[in-house]
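These are the residues of each chain, in order.
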Amino acid sequence: MTATTATQSEPRAKPPGKPHGKPRTKPGPAAGVRVRTSRLVLYAGLVVVTGLFLGPFGWLVLTGLKSPAELAASPVHWLPDHVQWGNFADAFRLIDFLGYARNSLIIATIYATLVTLSSAWVGFGFARLNAPGKKQLFGVLLGSMMLPQIVTLFPTYLLFAKLGMVDTYWPWVLWGLAGAPYLVFLFRQFFAGLPRELEEAAIVDGCGYAGIFWRIFLPQSKPVLAASFVIAFTWSWGDFIAPQLLLSTDRSTLAVAVMTTYVTSAGTPVAYLQAAASVMYVVPVLLIFLVAQRGFVAGMSTTGLK
Amino acid sequence: MTSITARRHRAFYMFTAPWIIGFLLLTILPMGFALWLSLTTFDGLSPRWRFIGLANYRELLSDPVTWDVLGRTGLFAVASVPLSILAGLALAVLVNRPVRARGLFRTLLYLPAVVPPVGVGIAFKQLFDTNSGAANGALNLFGIDAIGWLADPYARYVILMTVLWSAGNIMIISLAGLQDIPRELVEAARIDGASAWRTFRSVTVPLLSPVLLFQTVTGVIASVQTIMPLLLSADATTAGVTSIPQSNYMYMMHVFAQYFALGRYGYASALLWVLFVLILIVTGLIFKATSGVVFYNVDPEAKK
Numbered sequence: 017m018t019a020t021t022a023t024q025s026e027p028r029a030k031p032p033g034k035p036h037g038k039p040r041t042k043p044g045p046a047a048g049v050r051v052r053t054s055r056l057v058l059y060a061g062l063v064v065v066t067g068l069f070l071g072p073f074g075w076l077v078l079t080g081l082k083s084p085a086e087l088a089a090s091p092v093h094w095l096p097d098h099v100q101w102g103n104f105a106d107a108f109r110l111i112d113f114l115g116y117a118r119n120s121l122i123i124a125t126i127y128a129t130l131v132t133l134s135s136a137w138v139g140f141g142f143a144r145l146n147a148p149g150k151k152q153l154f155g156v157l158l159g160s161m162m163l164p165q166i167v168t169l170f171p172t173y174l175l176f177a178k179l180g181m182v183d184t185y186w187p188w189v190l191w192g193l194a195g196a197p198y199l200v201f202l203f204r205q206f207f208a209g210l211p212r213e214l215e216e217a218a219i220v221d222g223c224g225y226a227g228i229f230w231r232i233f234l235p236q237s238k239p240v241l242a243a244s245f246v247i248a249f250t251w252s253w254g255d256f257i258a259p260q261l262l263l264s265t266d267r268s269t270l271a272v273a274v275m276t277t278y279v280t281s282a283g284t285p286v287a288y289l290q291a292a293a294s295v296m297y298v299v300p301v302l303l304i305f306l307v308a309q310r311g312f313v314a315g316m317s318t319t320g321l322k
Numbered sequence: 014m015t016s017i018t019a020r021r022h023r024a025f026y027m028f029t030a031p032w033i034i035g036f037l038l039l040t041i042l043p044m045g046f047a048l049w050l051s052l053t054t055f056d057g058l059s060p061r062w063r064f065i066g067l068a069n070y071r072e073l074l075s076d077p078v079t080w081d082v083l084g085r086t087g088l089f090a091v092a093s094v095p096l097s098i099l100a101g102l103a104l105a106v107l108v109n110r111p112v113r114a115r116g117l118f119r120t121l122l123y124l125p126a127v128v129p130p131v132g133v134g135i136a137f138k139q140l141f142d143t144n145s146g147a148a149n150g151a152l153n154l155f156g157i158d159a160i161g162w163l164a165d166p167y168a169r170y171v172i173l174m175t176v177l178w179s180a181g182n183i184m185i186i187s188l189a190g191l192q193d194i195p196r197e198l199v200e201a202a203r204i205d206g207a208s209a210w211r212t213f214r215s216v217t218v219p220l221l222s223p224v225l226l227f228q229t230v231t232g233v234i235a236s237v238q239t240i241m242p243l244l245l246s247a248d249a250t251t252a253g254v255t256s257i258p259q260s261n262y263m264y265m266m267h268v269f270a271q272y273f274a275l276g277r278y279g280y281a282s283a284l285l286w287v288l289f290v291l292i293l294i295v296t297g298l299i300f301k302a303t304s305g306v307v308f309y310n311v312d313p314e315a316k317k
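Here the protein sequences come in this chain order: U and P.
Counting from 1 along the first sequence, just add 16 to a position and that's the residue number in my numbering.
Counting from 1 along the second sequence, just add 13 to a position and that's the residue number in my numbering.
Excised from the complex, chain P in its bound form (with noise of 0.2 Å):
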């Protein structure tokens, strides 16, 4: 008997131990080495590089840039995180809808979710190009002066249209969301006289807060992550990243920046590490700040 359990033991390992040993090697040794570089003034040539402790840290804390794309990051992940919740939310309840075709509506909203950054890069230059762009054009059909949205200030706005294209990935989930709420809920709601509006309210989005939640961090981690302003910059290399215009300056263009263009690894891997550790608190908070409100008891029998 108990060699069965061992034989079961045995395997559970065996059958784990690629992601586990994927995990260590590929996630938490680069962690650690960055941590370990974040202490020292490694910058990959100069074979003299040296410890120095906080040093780093004590720089990124004082250089007001650091705080600049703070600010800027956190704006973006402000704006554009309810945004494209809410967007998605609103075009899963429309293509809920019984309406004719809602099949291809649903395929051609979810489409721009599937363009590759890259093609979404492109795609809004064009779109913002100030010469040849169709925003412009739309403008001056109206008698407005064409507007250099890549540039500085406007460019903060091309980059939430391009995370509100995809908020078809949103509709997706909180579409399969909305379908798993039992139907009598809702009849029952407005059986009781409460209106369309309230409903949705009060039963369909309690019910939906999961979803919204995992929305809400997922979305917070890919904004703080996002490599779009150097898809929508001019020059999207190593070299062209000090070139993004300053509204798009954001945290991991920085960081970016000082990694490869700058070669100040120990410097960089401070930075990336200041970011982990904003992240896990951001996350924790969010998962605190909801942990009242956010609704998981759905009786599984319910839904059958």
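One chain only, chain U, in its complex shape (with noise of 0.2 Å):
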């Protein structure tokens, strides 16, 4: 801490245009140890901590690669002697695993296109279109992120199946429909940021707002998309209360099979099956995080700023 004040209280004595470095001029070498080993500190800082933030997963891994005696053995049994990749076949075909994987899939294919197409266009109506009442409105749209979903849910439940729509993939639909209002914020803030211009040309040439929409201000909203579709991808994936109350087991998605196919028939859970096969169902999102990354990142700042 001391040692790097040290470097930042000396920014003239740097040459110019060279990035942080060693103080070249006044300090003697011991500021020169003292700046290396606070770098090293730091370093140690950041490599132990992240090494304690992928330990949780890296755990489930060698979980999902153990024996059921080692898993039995006590103490711990840290390493697999044997690595069982059987586990991860077996958990695969156990159950109908890429049967729930495509139920999944499905879900949120709906769900991610349509609430992004829906959230894009009310968003076009709150940044580029003015009513009265439209100030109220996004007042609402605000408060309303931050009405606990789950609230809702259960009454919504209920009414889902008055309607006849459990066991169906209607209530996605309709929720994508609905779009969602972290979404509609998302695409409102980079809807209001693009020039005037592109509309005016457009209402000149005799273009509807939905044509403007569709032609030319969609087109221009590619990284937003993107980055709407993957966070409501992912969401949908990872989501297992809707799943579990909505649809019955042989429909539902792979979050709720992970979470309660693998046990034995007294009821318990089976560690090293539910391990492998809750690696395979949590990889492809951080795939998809780690290939959308600047996307998914920006967004998730954008709607935890305001």
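By construction, these hints were calculated from the structure, which means they are not laboratory data.
Among the clues, some could well be false.
Claimed, not checked - Where chain U lies over chain P, by a calculated footprint (3+ residues, C-beta under 8 Å):
no. : stretch
1   : 40-46
2   : 142-153
Unchecked claim - Quick list of the computed label-pair ranges, beta carbon to beta carbon:
no. : chain 1 : residue 1 : chain 2 : residue 2 : range
3   : P       : A103      : U       : G149      : 19 to 27 Å
4   : U       : V156      : P       : V295      : 17 to 25 Å
5   : U       : A105      : P       : F308      : 54 to 62 Å
6   : U       : G283      : P       : V295      : 46 to 54 Å
7   : P       : L96       : U       : R52       : 26 to 34 Å
8   : P       : A201      : U       : G149      : 39 to 47 Å
9   : P       : G57       : U       : L110      : 28 to 36 Å
10  : P       : L117      : U       : P239      : 45 to 53 Å
11  : U       : T265      : P       : L275      : 48 to 56 Å
12  : P       : F64       : U       : T265      : 34 to 42 Å
13  : U       : M162      : P       : V306      : 40 to 48 Å
14  : P       : G57       : U       : A89       : 25 to 33 Å
15  : U       : K178      : P       : L275      : 16 to 24 Å
16  : U       : T265      : P       : S75       : 37 to 45 Å
Unchecked claim - Some chain P residues near chain U, calculated using beta-carbon distances under 7 Å:
no. : residue
17  : F28
18  : P125
19  : P130
20  : V131
21  : A136
22  : T250
23  : L285
24  : F289
25  : I292
26  : L298
27  : F300
28  : T303
29  : S304
30  : V307
Even glycine gets a Cβ: it sits at the ideal position worked out from N, Cα and C.
Mind docking these for me? Both chains are given alone in their own frames, and the hints should help you get the complex.
Structure representation (structure tokens):
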């Protein structure tokens, strides 16, 4: 801490244009050592913290690679003697893993596509159009971001049950069509930043607002569309409680299957199978995140900052 | 001229209609339905339900379990929200330093926040398993006896750790906030002789306060809603909700149990409405308490 303070309080002493490094002129060799130690401490701290953050997932993978005997052993068997790749094959085969994955994929794709388009559409209205009541509506939109969703989910479930929509994918279609306040806000922020001339030219050309949205604004917003799709997709892929309530076991999603189906006949979870299955369930999300990282993070920060 | 304005007004409502209709049908209607249910004995099955006025509310107020779950949930929020914000902010400051490979560190620290709740639940169940968990393995190295982490009274610490594990979320948002702070302000403070800590406290934190406020409010709402106790329990089904260890049996779990394990729709709806009103009050109080402290007036021109 103190040593980095020394580097930062002496910016003038550094040759211009050089990035942070050892201060050259005034401080003696002791200061240099101090700078280096503090760097070392900083890196060590970062590595330890990162290790702690990766630990739980690492342990999940290890658990999925152990044999039942190793998991029952006491004290803890840290590493598998023979890596049990077979656990992954078993987890894949013992339940209809692909079937559940397909259900998850269908639901997440339906939801993410609809909610992205709908939110863009609504966001365009809030960003580019005006009408009496707009301010109040926008206030309601922002306020609804803070509504606890699970509070509405339970009575919504009862209503869906009354309408005969339990065990169908219709709820996700409806949720998608309604747009999501977070994503509406994301699109509103983006569309509000585009120049005025964009729609003025189009209005002169006699293009309707729907046409302006579809032909001019939507193509401009590809990065936001991608970010929105990824956020909505991963959210839906990760959702447990809605499919658990709304879908029967064989129409349900991978999240529900991984959590509830790897059990013995007595109902106790089989650790190595559940661990292996959850790795296979989580890894696609991590990959999507790593690929789409930039837009994903930008989207998260925009919605978080207001 | 007026026709253009009128067209524009109509267009606004045409564009916002999906959200307005969705909000009415999927939020207001269910909430209203729950409010009405909360005044009845409805259980979803028997046709002989009746209107009982405020009896459900009277019952829940006189039931000690309500106060237990409320207290537990409040304690969880009070512990988890400040801790995770502190952790996220510390991480953000750490990876905002000019260190090599900080992009990699940012990614790796954020990664757990992307893991879906089901993955988090299973990972922590394995980590804290009494026999095969790494936590007890580490304790064993120091000669400490195995702890039943997932049972009372330790389960509450495990759920706290799941929240901290996702601190990458707060890190990313705080990081964006940190990067928005005008460099000149920090540099001016340093030139005036303020220490690094003093600068952080008196310049950085006030400028970050809107972000921190937002994190506090969303954090409280998220902690009240969490279903992690269910995901950490041995049986994460509607039937298993009653077997959650006491120390993790929070308000939402109680509602869940009343709805789906016991089918008391009326009573559970009353519980939901009490929670909803409490959240509104708490959120309002947070905004009120911070209205003098949160600093919104960053001149937008100053950033450029």
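Comparing the hints with the structure gives:
Beta-carbon proximity to chain U at under 8 Å applies to 5 residues in the stretch 40-46 of chain P; the threshold of 3 is reached and the given coverage holds. Counting residues of the stretch 142-153 of chain P whose beta carbon lies closer than 8 Å to any beta carbon of chain U gives 8, which meets the minimum of three for the stated coverage. A hinted range of 19 to 27 Å for the beta carbons of P/A103 and U/G149 is inconsistent with their spacing of about 43 Å. For U/V156 and P/V295, the hinted distance range of 17 to 25 Å is satisfied, since their beta carbons lie about 20 Å from each other.
A hinted range of 54 to 62 Å for the beta carbons of U/A105 and P/F308 is consistent with their spacing of about 57 Å. Under the hint 46 to 54 Å, the C-beta atoms of U/G283 and P/V295, about 38 Å apart, miss the expected range. Range check, P/L96 to U/R52: Cβ separation about 33 Å, and the 26 to 34 Å hint holds. With their beta carbons about 44 Å apart, P/A201 and U/G149 fall inside the hinted range of 39 to 47 Å.
At roughly 34 Å, the beta-carbon separation of P/G57 and U/L110 lies within the given 28 to 36 Å, and the hint holds. Between P/L117 and U/P239 the Cβ separation comes to about 23 Å, which falls outside the hinted range of 45 to 53 Å. Between U/T265 and P/L275 the Cβ separation comes to about 21 Å, which falls outside the hinted range of 48 to 56 Å. The hint said 34 to 42 Å for the Cβ distance between P/F64 and U/T265, and at roughly 36 Å that hint holds.
Checking the proposed 40 to 48 Å range against U/M162 and P/V306 shows it is violated: the Cβ atoms sit about 19 Å from each other. In this structure the hint that P/G57 and U/A89 lie 25 to 33 Å apart at CB is violated, the actual value being about 47 Å. With their beta carbons about 20 Å apart, U/K178 and P/L275 fall inside the hinted range of 16 to 24 Å. Between U/T265 and P/S75 the Cβ separation comes to about 38 Å, which falls inside the hinted range of 37 to 45 Å.
With 7 Å as the threshold, the beta carbon of P/F28 comes within range of chain U, its nearest partner Cβ sitting at about 3 Å, so the hint holds. Proximity of P/P125 to chain U holds as hinted, the smallest CB-CB distance being about 5 Å (cut-off 7 Å). Here the hint on P/P130 is kept, as its CB sits about 6 Å from the closest CB of chain U, short of 7 Å. A hinted interface residue such as P/V131 counts as satisfied when its beta carbon comes closer than 7 Å to some beta carbon of chain U; here the least separation is about 5 Å, so the hint holds.
Hint status for P/A136: holds, given a least beta-carbon distance of 4 Å to chain U, under 7 Å. Residue-level restraint check for P/T250 holds (minimum Cβ-Cβ distance to chain U is 6 Å; threshold 7 Å). Against a cut-off of 7 Å between C-beta atoms, the interface hint on P/L285 holds, since the closest Cβ of chain U lies about 5 Å away. Because the closest C-beta pair between P/F289 and chain U is about 5 Å apart, less than 7 Å, the hint holds.
Proximity of P/I292 to chain U holds as hinted, the smallest CB-CB distance being about 6 Å (cut-off 7 Å). Look at P/L298: its Cβ only gets to about 14 Å from chain U, farther than 7 Å, so that hint breaks. A least Cβ separation of about 10 Å between P/F300 and chain U goes past the 7 Å threshold, and the interface hint is therefore violated. About 14 Å separates the beta-carbon of P/T303 from the nearest beta-carbon of chain U, more than 7 Å, and the hint is not met.
At its closest, the beta carbon of P/S304 sits 15 Å from a beta carbon of chain U; the interface hint therefore is violated under the 7 Å criterion. Given the 7 Å rule on beta carbons, the hint for P/V307 is violated: about 12 Å separates it from the nearest Cβ of chain U.
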